[in-house]
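Asks: Both chains come to you apart, so use the hints to assemble them.
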Amino acid sequence: MNARVRATSSGFAAAIVTLALAGPAVAQPRATKPPGAQVSLVDSQAAQPAKSPPWLQNLQSWLQAIAEHKPGEPDIPAILTGSATEAELEAVRIDFLALLDIHRRLAERGARAGQARYKNEDITVSGIPKLLGLTSAEAERSDATRILKRAAILHGDVAMLVIPNSLGKVGCTTQPVVVLKDGHDVGTGCHGTHWIQGRALLDAIRPYPRADPMVRLWYEATIAFLLERMDYANGVPQIDQGSLLFPSDPGLLFEHGVSHETFVSVINQAGDRGGKVDLRPASAHLKEAEALFRRAVELDPGFIEARIHHGAVLGALGRHDEAAGELRKAAASAQGPILRYYAELFLGNEEQALGGRDAARAHYNQASALFPTAQSPRIALSALARQRGDRVEALAAMRHVLNLPADERRREDPWWSYRFWFDKNAEMLLRDLYRPFLAGGQQ
Amino acid sequence: MNRRVPVVAALLLWGLPLHAAAQNPTFSSKVEAVRVDVLVTKDGKPVRNLGPADFEIFDNGVPQQVDLVSFEQLPLNVVLTLDMSDSVVGERLAHLRAAGQGLLDGLKSEDRAALVTFNHMVTLGADLTADWGRVRRALDQARPKGNTSVVDAGFTGMMLGESDVGRSLVIVFSDGLDTSSWLAPEAVIEIAKRSDVVVYAVSAGEGEKGGFLRELSEQTGGRLFEIESTKNLSAIFLQVLDEFRQRYVVSYSPAGVPADGWHRLTVRVKGREVTVKARPGYLAGR
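If you read the protein sequences in the order shown, they are chains L and C. Counting along the first sequence from 1, when you hit position 440 you're at 440 in the working numbering, and nothing is skipped either side. Add 1000 to the 1-based position in the second sequence for the working numbering, that's all there is to it.
So here's chain C without its partners, still in its complex pose (with noise of 0.2 Å):
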């Protein structure tokens, strides 16, 4: 979440298109900005219309001006990053197609989707598109083989979801251990916290319990959902697709605080009694 450079001129460095920036209300030209994607419930259902008054954030515990806040405008980069080793068959590779078919089925026009696939290998089904008959193609074309490499993978699919500067989500499903990566999970953590990339994870079977997924998503202000059976799945994929468009993006230029290090993040709501869900902090600098 270390969006702590100009962003026209990353914009530029990555060669992306202006209009994406253009797409992006949050961000002006020459400010150092941080943005937090902030999912705000009251008995478990979003809060709506709340503007940039409503906000609190403390940086390091230091108040700091919050400068825009959108909810629903943004369109969504989601970068599915999904397990493809020896485990994931039958049934569960059923699922598991039906519910990333599912996924693209709820985005929107201006929504953008692409597909990592992972065993041992870290595969590229279809790179972000708005094309989603490539993702579509590519999901049922990839065949279970191999062993599982979730952390390298996990890398992979934050680092697409920063290919563009567009609001990234990144749902990473895996039914196994790592066994294969080369990245060390608290390598790829230490990476989560100066994204702003949002993981949110699905952990089947006999998964990886509380390991690198939760952390990960933790880190990143997602959600690991830890399941049995992928009977659920698809309702799974757009749950959170729902949850994540329900996220508020509030952005603010930091003042008052070193420039490096670690931020400890506290978001808030004035005056009402909500659940606030955001990153814990992030990490900036070199």
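Chain L on its own, in the form it takes in the complex (with noise of 0.2 Å):
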């Protein structure tokens, strides 16, 4: 924790912050103006305010929790973060993007020297960059990206590290979203306010968030992050933004394409009572998923893991020719037991549709022989036998399974994580996306 940051007593403001760009910016109020964020160039001389504002206390207690935050961490700039609710951290946004427009049409202007009036402060416009944390080459160039950026990392960090472990419904809206375990309500969940944090920061980066490689992995990381804990409630908007700004991405697609192939699931379909629930029928989603898993493939043939999970998707929507065609393709490349495992899996479910016995029995045989003590292919194999009239076959596979270990750490099936497992998890891709910042760069 840095010695400057020390908590008081309620809110944003439990992260007050001596800063030392916090007095010289900001001129005495004038008592006469009406609050609100219309802005209007003064002529005098800035004044040293005796005490600033609780919003530009807020502000710069955020923008400092920005410049600690150490990507990743659950540390004191995110916890402190984490306490702000949900009312103080969309004005905070709003400062800072109204006083990052004020600059910039200043910069416009040619405007230097000055005040500028906002929320009733006289601001010095020399005092504005500093305000808003800029360097002096960011303040040339009207360039907040670096900020932005990183705190769209430090509410990602937040919403990801410190509101799970929070206590009470800080960090939420007030949007209800229920939790199920095992299909079952087991309580109310989080809506959670920083991911919306994260994305309407993102938004304002100039002149197109979508030019940013690092947006697109925070989307990409964060979405993976959600969907491995089936946490759909923050997971749909996120796809959503992200879908919005990077259509043609491989990456994303894959992942709104695994979101629809889960939301099959009429139960994963409860995680949302807020409005997020899509109710459609199981093929409508399973359509949606096949045409954003097709598209991923198209865009990236390599992506082995896409097009095991179209093949699974065709042949959920009964087109087992081409669900076979493309299992076979994912089957021959796929690296990595468990994506062999699902590539044989499928493909034998898919062989075994087709009316080729043998050809499914080899393929969930070599499932099986993969991760030995996984179950799915061993009652594959019980039921393909069962089907054609093979009791003895039958038994003899339905044997094995019932021979497992009884002891779940000695069992091993990745079939009960194919709906949240990424072959490019969000561990790894939220290292690769910390990585730049951790290394010292402005980024």
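What the hints contain is simulated information worked out from the structure, not anything from laboratory work. Just so we're clear, the structure is a prediction, and the values are computed from it rather than from any experiment. Zero decoy hints are in this set.
Just a sample of chain L residues kept apart from chain C, beta carbon distances all over 10 Å, derived:
id: 1; residue: THR85
id: 2; residue: GLU86
id: 3; residue: GLY114
id: 4; residue: SER126
id: 5; residue: LEU167
id: 6; residue: ALA211
id: 7; residue: ARG216
id: 8; residue: GLU228
id: 9; residue: LYS287
id: 10; residue: GLU298
id: 11; residue: ASP300
Calculated cross-link-like contacts (lysine to aspartate or glutamate; reagent style EDC-like; alpha-carbon spacing at most 16 Å):
id: 12; chain 1: C; residue 1: LYS1193; chain 2: C; residue 2: GLU1215
id: 13; chain 1: C; residue 1: LYS1108; chain 2: C; residue 2: ASP1242
id: 14; chain 1: C; residue 1: LYS1045; chain 2: C; residue 2: GLU1273
id: 15; chain 1: C; residue 1: LYS1045; chain 2: C; residue 2: GLU1243
id: 16; chain 1: C; residue 1: LYS1193; chain 2: L; residue 2: ASP390
id: 17; chain 1: C; residue 1: LYS1145; chain 2: L; residue 2: GLU408
id: 18; chain 1: C; residue 1: LYS1145; chain 2: L; residue 2: ASP407
id: 19; chain 1: L; residue 1: LYS130; chain 2: L; residue 2: ASP143
id: 20; chain 1: L; residue 1: LYS169; chain 2: L; residue 2: GLU86
Heads up, the beta-carbon is just placed ideally off N, CA and C, and yes, glycines get one too.
Replies: Spelled out as structure tokens, the structure:
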């Protein structure tokens, strides 16, 4: 913890920070002006305020937290930021973006001196970059990209690392979210304000957020995080915005497809009762997933994981010939035991649907060889044999299942995590996301 | 219910003791036979003392000669297939254990029992055995955890029921939606149409209303109990056992119908106003 940060009693002001840049930029408030965000230039000299107004204290606390937060850590700046209310977060973001806008407009007009008026405060023009935490070069370009990106990292980390461990509803909107466990409503969850904050901040990157690879990676990594935890209340809006910004990104198309693939099960759609529930029939979700996976594979033919999911969804749609074709390609190229397992297991299913029982059996056996304690291929082999009337083989395969250890730690079946396992998982993606920021670069 | 293989051949292939066949008067050794579990009730009470001459069976609309009818004579294989996922905790778990133990108390000395528990994993607690103490211990040791693979478990229970030539009753209890099965429900229902195991199911709480368990029990001639609370689960399990014991096993050798495909079954009792419950048909051939 930075020694300059000290906690006080309420809200975001719990992180009152004695920032050196706080005072000089703000002139004495004019009591006669109404509060608001309307901006006007004034010509008086800056005066030193006796005390910064609360909104400015919050802004400064926030900027300091951004500057001091170590990406990927639930550190003090992240914890203090996590204590902010939804209103405080929204206010600080609006203040920052409004001041940035003032700075841009003044810069466009060539105004380098004088005062601007914001929220009933006279602010020295020359002091605005300092209020915004901009470097001289950034101020010259009116470019807050670095801060916006670091802020998105901070809020993402707060949402991922701090809020889940917080008590009560801190960091959550009032939107109701139900948490399901094993198909049962076990309480209410959190529709996270920090996700909203992160998205809104990245949207403010100029000229276009989609031009910045970090933005794409932020979405891909955080969506993977949310899908891995089956947090659809926050995952869906994250996917929606990511898809809007990067409609042709294979990684995001894949994640979007996975979400629809998961929503085929009604149980998973019940994750958010606040209006985000997509209760369309399974076929509608499968069709959407199919289109998304197909596009991902078209854009990146080497994206084996997307090809496996594409094959699985085609099969679920009853398009078994296409599914088998896709899965054969995937099985031929899949690297690593888990992807190979998925390819073999699904291919077995499609061969079975096409009447190729020997081929199906061979693929199920391949899957079983990859994970000898997995029950799914053995159950599939049993059902395959039973369907063709071979009770002996059916029971023999079932015996393998029944003889598996009862201890879960000694049983591994990747099928159980198919809907939330990613070859490039959230941990890896987040590491990629954080690396440039941890390396000491400005970013 | 496609017991359309020579029974002795099947017994040998399955490596089962021949005394099991001797206990079962339903089958001859060389004739392909179909057997149907039939519940006959009047005003909700079982009707007893019916013989072959009392039954009419139509296989795809073609009347069949009823060979044998047995009632309360056959030992039972009872396969308890019980949900042990995350949601089965506290009172619900206590009720489930008590219901399982109560059902074991209701068995006759010649009956056998097995226990399959499931969450996302399907686990054999105790294989079919006349030593019910093993089943009791397994029931006490089962701990709830994880997701729900009710479809995989339903199939497993059926297979375990089929592993013996005796008359098999599978009781499936679940309180949740399926979240992790590999098998598709339709695939298991298709297999159920080929099996002569009878499945009774109990769906508790928010469980899957009208889905897989309803279809599975209907297609096997069993019944689905949908309950909000598990408070009376013991009574339900005993009711299932009692009802199953009250069923007739009617067998016939199909004549005048194609060997393969879906066979629609109609079972009636001649000259009586009674309610007859039996599986709607069976699937034969490959």
